[in-house]
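Chemist: Starting from two chains that each stand alone, build the complex the way the hints lay out.
Chain residues, written in single-letter form:
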Amino acid sequence: MNEITQKKFKASDYKTNLKPVWCSGCGDYHVLMSVTQAFAKLGLDPENIAVISGIGCSSRIPAYTNTYGFHTIHGRGLAVATGVKVARPELTVVAAGGDGDGFSIGGNHFLHACRRNADMTYIVMDNEVYGMTKGQPSPTTDPSWDSALSPGGTGLSPFHPLVIALASGANFIARTFSGDIKGTASVIADAIEHPGFSFVQILSPCVTFRPDQKAWKQQVHKAMVEETSDPARAARRLMSDDGFNTGVLYRGIREPYRFSCGEEKGDIEEIQKQFEV
Amino acid sequence: MTNEDLNPSVSVAMVGSGGAGVMTSGNMMLEAATKAGLYGLMTRTVGPQIRGGEAAALLRLSSKPVHCVDDTFDILVAVDWKGAERFAGEVPLGSNSLIITDPATGDIPENLTASGARVVEVPIGELAAAVDGGRPNMVILGLVASLIGLNEEPINKIIAKKLSKKGDTAVKASREAVSAGYEAAAGIKSPVKVSSSTSDIKDRWLISGNQAAGFGALRGGIRFVAAYPITPATEVLEWMSPNLPKVGGTLVQAEDELASINMAIGASFGGKPSLTATSGPGLSLMMEGIGLAVSSETPVVIVNVMRGGPSTGVPTKSEQTDLNIAVYGLHGDAPHIVTAATSVEDCIFTTQWSVHLAEAMQTAAIVLSDQFMGQASTIIDPPANISFMAQRLVEKEPTAEYLRYAVTTTGVSPMTLPGTPGGQYTADGLEHNPKGLPSTLMEDHRDQMDKRDRKVAEFDYGNHWADVEGEDNCELVVLTWGSTTNAVREGIERLNAEGIACKLVAMRLLLPAVPVQFNHALKGAKRILVVEQSHSGQFLKLLRANYDMPGEVKSFRRPGPLIIRPGEIVDTIKAWSDQ
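Chains as they are written, first to last, in the working numbering: chain A, 1 to 277; chain B, 278 to 856.
Derived by calculation from the structure, the hints in this document are not laboratory data.
Be a bit skeptical, because a hint or two may be false.
Said to hold, decoys possible - Far from chain B by the CB rule (all over 12 Å, computed), these chain A residues:
(1) Ala11
(2) Ser12
(3) Ser24
(4) Ser144
(5) Ser150
(6) Asp180
(7) Gln219
(8) Met239
(9) Asn245
Unchecked claim - Once the Cα atoms are required to be at most 16 Å apart in a straight line, the calculated EDC-like pairs of lysine to aspartate or glutamate come out as:
(10) A/Lys217 - A/Asp180
(11) B/Lys523 - A/Glu263
(12) B/Lys800 - B/Glu829
(13) B/Lys851 - B/Glu775
(14) B/Lys803 - B/Asp825
(15) B/Lys312 - A/Glu276
(16) B/Lys523 - A/Glu270
(17) A/Lys10 - A/Glu47
(18) B/Lys449 - B/Glu429
(19) B/Lys712 - B/Glu678
(20) B/Lys673 - A/Glu47
(21) B/Lys523 - A/Glu264
(22) B/Lys831 - B/Asp848
(23) B/Lys800 - B/Glu752
(24) B/Lys438 - A/Glu276
(25) A/Lys222 - A/Asp242
(26) A/Lys273 - B/Asp480
(27) B/Lys800 - B/Asp825
(28) B/Lys803 - B/Asp855
(29) A/Lys10 - A/Asp45
(30) B/Lys341 - B/Asp658
(31) B/Lys523 - A/Asp267
(32) B/Lys523 - A/Glu269
(33) A/Lys273 - B/Asp658
Said to hold, decoys possible - Covered stretches of chain B, going by a simulated chain A footprint (3 or more residues, C-beta under 8 Å):
(34) 500 to 509
(35) 556 to 569
(36) 700 to 711
Note that beta-carbon positions come from the ideal geometry of N, C-alpha and C, so glycine has one too.
Same shape as in the complex, but just chain B (with noise of 0.2 Å):
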């Protein structure tokens, strides 16, 4: 633990080859916590098989709110070490972590005894076995919540919850394996223990960055969605499949990509909020899709859960690189909204900021999440519930005189919908006149670009453009976005402790530029640190296209799928005011 002033938390990583159970190990553990009344945040790396690949369960827990990891591991607990060297170097471990490991099981891969941490042998095998259904996953629960100091009521409160379906066997066989690992621990020094907490823990609430957006698109008013799974964004689909119904909407399963945002900007026009969610590969096939809606001014929003790329790239894992394709991949010119998520909870308000965005507006809004937060689970406190609902400006009584593309000063034309007497329109991917028709004419074009261009240039995106934190003025600003914001703020809140005044700008939108905004906001600046898990620079170079930065810049960036941590960014800070 790097600073236990500012976020007495523990670092724990449960490591099994896939079916080993140790997901399930983590997610018992985050729930025991939360009743505990502790905060927490649960990431994953896993291999790409489905059975029996590595895996490894990376929970961060707290008495205070928790959104990014941390530098270091203090305990690394495994049930075997199948594949383990595979994602060894996405487990960073100091000299005072903990390694605890069945010998039966084979060698501790050398990348992670290099960090000289102690290790400490327990039989997790033979401990599971000795007890009738026993799994080795219940025993590292045990080892693990004993280690940090979580008492053994809530963990078996959780075990009654997840398998009483189970029978009472299985029960059981589960609350003596994790005794049986509780035990084991009484031996074994551990480096932390979290500080409980005696808050109030009623309201507490456990979610997924994909399950909060597919929530915050619900609430935002999405009530059609289009389908196609894709790792690592299924999850925001198979969230809103059950859920949409409740509500009055419906969820269709398509044949591609291509069919999905077809599908979403078809139920648009038909008068549904519509949304479909992907990730890299299929928003590049989307592409043409989204331009279609830009042309014809039909509201849809697209959901892009970022994994390695190019190509097929590193599906399991999270890089920030979908920025330049979601920016730039329309052709031709096609003013769009681009959005980003800021952490696991903010999945929820950008989702829904985003609805209301491109429902306002009659255009295309791209909202970029990544696996790090769409697959991460968090216990936060109750989202305050904000009033951003999908409001379209809908015709309902036209005229003769109508006209579905008419120039306004907005850039906002007043729409029809199917059913309605008189409104009768075609909507079009070619360039058309006011009325909608077809028209190659110069001037249409010129006007309709403009009123396309100004209905998103001018809008009124209020505070919400990015996480401003810091004093006015301030001469030093780290500039970033999307799931790297938490540990740059992490990083700034320990600069700030040792008196070093640094400023968050985290942009939650990317597109379009709004450069009065972003002035203001590096007002006096004369360092500028850029962060992104890009490899390169595309965050630095949207910035450099968009906007002037003041003073000096840096950039501060690797690919995924390694999480930028706090420590890092107080590192380079330093290493940078030290010039």
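Looking at chain A on its own, in the form it has when it is part of the complex (with noise of 0.2 Å):
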């Protein structure tokens, strides 16, 4: 990052000026100051990034940054970020939603999108709970968190979103605290450059239906081991992870999706010389 380019945009300059629909003290909004922090950091022009999110509360995301945005529908901002990528490589693009969006409904778009390695970031702000229908477990819940919907708790395992992402071959596996705006963004920033999949869960608390993860502050911590490049070793680490690590916990070397439109051409009349017989 040279001077200029720090320079040419401040964070302000990625913010619409809408007001979000986000309760007061959600850790999302820590989220968005961070995501503009990262790009304002790398300089991008707004008009060059596409944010593209799914349905919840953390997926009205696009609509509050002054970028191209798609706030799609349940589950398939993945896959609608995977068009614009592969139709437009030039493009930065931003997949961003939450647990339920990303890991429930969506969940086979991100295993998909993990082992598709195209380039681009997904950010998943995990609170634990589905907010914007009040309330409900969603995939990382703790299996005795009490729901009017699943009384006394799902009685199931939380799955483990890093893990999967890297069985499934993600190349850049990170987790974050929201409350650290700074170190947020610039882990968002390292995604954004580092070529493939890049995805960053970003511990981002509900304090209206989980004000319990008020203690998140306390609780998270810095990994205390350097981040791999070698898959083996980032498994071992993440599978005895107490899900409070953060920073970069994996950082591949796998090609990412090759595929993209090319440069039109003109080819039909030589194209339909196969049907001649």
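Modeler: The structure is reproduced here in structure tokens:
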């Protein structure tokens, strides 16, 4: 990053003046700040960024950024984002959403986006709850968390998105805490710059339905080990993870998905010759 | 053959279990016929098995263009009879028909012999075995070619073309097996001969409906395709995959249909005209995504090749029963386009036109084809090059006042593409205001609904909404759509030849309704026959919901996979006229 690009834009240049729907104290406000700071840090032209989301509280983020955006349908943000990236490889594509959107209804797209390894960044604001529908357990919720929909808890072990991302082939895996705005911005910038599919899980507390998550501020800690490009080491580390290690946990070296639309050529006449008998 | 003067054609069924090679024989016969100056259509009926299931190549050859199957088959030849009883109902024979069987392969299913068809025994297996490397499917190729009066030269040319890669031995074996078939035919009296043509045959095309849909899409400007395999639509995608890069496009194989429709929407948002292709179950999965395209005003084309439903249904066989979901499957009031190809050849035109419609109106266009058309191969004259191209209203230099969803008189608003400075907006499935910001205001919902409806309802579809053939004020009209069109057309030709005036209205535009054009086409009608391949009468109900049909209305319909045949239209009309 040189001085000129750093000065090109301020974080506020990437914000719209639309008031978010989020509750006061929601971690997603901090994520929005981190995302715009990351864009500013990289000096990206707002018109060359596409922020694509699904449905849920956190998926409202595109309209709050002054970039091109697509607020799609529940679970499908990654699919739309993949289409944008393949059609327009020169754009910076950031997909964003929540844990229910990404790991439950959009779970299959998560697996295959990791595996496909298109050059884009996926930010999941994980608060272990469906907030927009007012408090139901998600795939990352503790099994004993009580709710109207699942009284006494689901009894199901939460799954581990970072382990799944690694096993599925994501090329960059990180976790941050929304309260660490600068640290999160730095990781997001890193994720955008890293080739291939980058996955950033951001622990982003829901103050309304998960007030217990206020304790996350004290629980998160920097990962005690250096980042690795060795999937086997990363797997061992993630399997023993307490869920609160933050930082870049895996930085792979896989080649990104290579297919993209090329230059427009006009060979229709040539193509139709194959039908001639 | 039902009517020699009108369509001097021969219909042949080649039967054998999967792997016996009857499709290869059928394809070779079709290409050889082309070389001999004939037109032809080959459809297929297969079981669900990948290998070893029942299969039949169904051909109709003629010196005139062929678009539909005939009432009965003239010749049925079987390599073996394994599972043949399962499709015997789809291969109608008459008392003049000829069945050729190899007694070593078992008995002919009773539902075939019940026709009273003449049966001739030929030791097909033995003849093949007598040739080193010979195969029964090549023996029947020679047999049938000889019986219908096709000489050996074009057959040998095709064998050389198709098998040269396998080496001279393979070519020699096949030629000898074909010759054995010719010799075996010598003593058999054939019910039909095809009249050979001397016309200029240089320019003819051999194409399937699925290839035609892919080609039409490419010619219309499609440059991104997201694909998930499904019978019987996969060939659309498999054809496009290697051909898209030739024009700077690309295809992505998606993880499911939810992904494929949404990838296509993403690529279109990025500025590339985009398409996906699927069949019933996939279309069901795509519905929410199609609604997103409608709401966010992102152009996208969905080619849906129909098969028997509901649920997994009859994947390998044809039916016209995705009309309801294509028209009504979206939640909310969601104006969009539904079109349908009227023949194998028309898959080119209709798909290309639909790309133009989706792009011009910034909405979703569902193109309906079906297994019959999609997987039929046909010989056609080169189609006219039509000028429809994807032309999206794009704002390249947005001012500070730019509104992505500005309420305009046409309903179409200029769209900025990512990369355009100052044109940033957020596309949304949430209702929005003209700027694109989420809104629950009654006024915004009303205005945006009005605009989305207006752009589709008031668009000028020209005369492409239907194929209308016949005199003005004709009292008798047959209304139909999709692949059924050609059986109806041939039936009407036969009726007209008998002095019964009848008009054809085959609808290409199923949504939105175009009452002005419809009323004009049906002016003076006193009797209307509505023909479709659906158990519940989906087309009839669509017409009832959208149009006022004059006079008496009658429905002729049945579910797939049994194809509707020209003679049935003739019989139905005559019976009605006699009442």
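Chemist: Tell me if the straight-line CA distance from B/Lys803 to B/Asp825 falls inside 16 Å.
Modeler: holds, 13 Å
Chemist: Is the listed coverage of the segment 700 to 711 of chain B by chain A valid when you require three or more residues with a beta carbon under 8 Å from a beta carbon of that chain?
Modeler: holds (count 8)
Chemist: Keeping to a limit of 16 Å between CA atoms, is the pair of B/Lys803 and B/Asp855 held or broken?
Modeler: holds, 15 Å
Chemist: Does A/Lys10 pair with A/Glu47 here, judged by a C-alpha cut-off of 16 Å?
Modeler: holds, 15 Å
Chemist: Does B/Glu678 sit within 16 Å of B/Lys712, going by the straight-line distance between their CA atoms?
Modeler: holds, 9 Å
Chemist: Check the hint pairing B/Lys523 with A/Glu264 against an upper bound of 16 Å on the C-alpha distance.
Modeler: The hint holds at about 9 Å.
Chemist: Are there at least three residues in the segment 556 to 569 of chain B whose beta carbon sits under 8 Å from a beta carbon of chain A?
Modeler: Per the Cβ count (4), the hint holds.
Chemist: Sort out whether B/Glu429 lies within 16 Å of B/Lys449, counting only the CA atoms.
Modeler: Holds, at about 14 Å.
Chemist: Closest CB-CB distance from A/Ser144 to chain B, is it above 12 Å?
Modeler: holds, 32 Å
Chemist: Confirm or reject the statement that A/Ser24 sits farther than 12 Å, beta carbon to beta carbon, from all of chain B.
Modeler: At about 19 Å from chain B, A/Ser24 clears the 12 Å cut-off, so the statement holds.
Chemist: With the threshold set at 16 Å, check whether the alpha-carbon distance from B/Lys523 to A/Glu270 stays at or below it.
Modeler: holds, 9 Å
Chemist: Examine the segment 500 to 509 of chain B: at least three residues should have C-beta closer than 8 Å to a C-beta of chain A.
Modeler: n = 3 at 8 Å, threshold three: holds.
Against the hints set out earlier in the document, no violation occurs for any number.
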